[in-house]
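Construct the complete structure from the given sequences, taking the supplied hints into account.
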Amino acid sequence: RNVDGLVGAREIILAELTKRVHQIFPDAEVRVKPMQANGLNSDASKSDREKLNRMLEEMFEDANMWLVND
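Per the working numbering, the sequence shown starts with residue 572, numbered consecutively.
Rather than coming from a laboratory, the hints here were simulated on the basis of the structure.
Because the structure is a prediction, the values reported are computed rather than measured.
Virtual Cβ for every residue (Gly too), placed ideally from N, Cα, C.
Please note that the accuracy of each hint is not assured.
What the hints assert, rightly or not - Taking lysine to aspartate or glutamate pairs in the EDC-like style, the calculated list, with each CA pair at most 16 Å apart, reads:
no.	residue 1	residue 2
1	K590	D614
2	K590	E600
3	K604	E587
4	K604	E582
5	K590	E629
6	K590	D633
Claimed, not checked - Here are the computed distance ranges between Cβ atoms for each label pair:
no.	residue 1	residue 2	range
7	P605	W637	13 to 21 Å
8	G579	D633	13 to 21 Å
9	R625	L585	18 to 26 Å
10	H593	A634	16 to 24 Å
Take a look at the structure:
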């Protein structure tokens with residue numbers, strides 16, 4: 572996502588992503604790195620990857636609610 576100009580964007584995204592991933596996989600390690608598009612690397616099963624991809628899409632669809640710099 573293009574978050575240029577949003578101070579602390581990486582940390583905000585990491586916090587939200589960690590919260591959502593841990594609801595599905597409590598012991599998962601979550602990392603965020605800059606990319607042109609949303610992406611997900613995982614060694615999870617196909618059905619678990621589908622859950623994660625759906626969660627990631629929903630997360631960024633809701634970004635106007637949480638991706639803000641207070």
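Enumerate the violated hints, using their earlier numbering and listing them in ascending order. Hint 1 alone not satisfied by this model.
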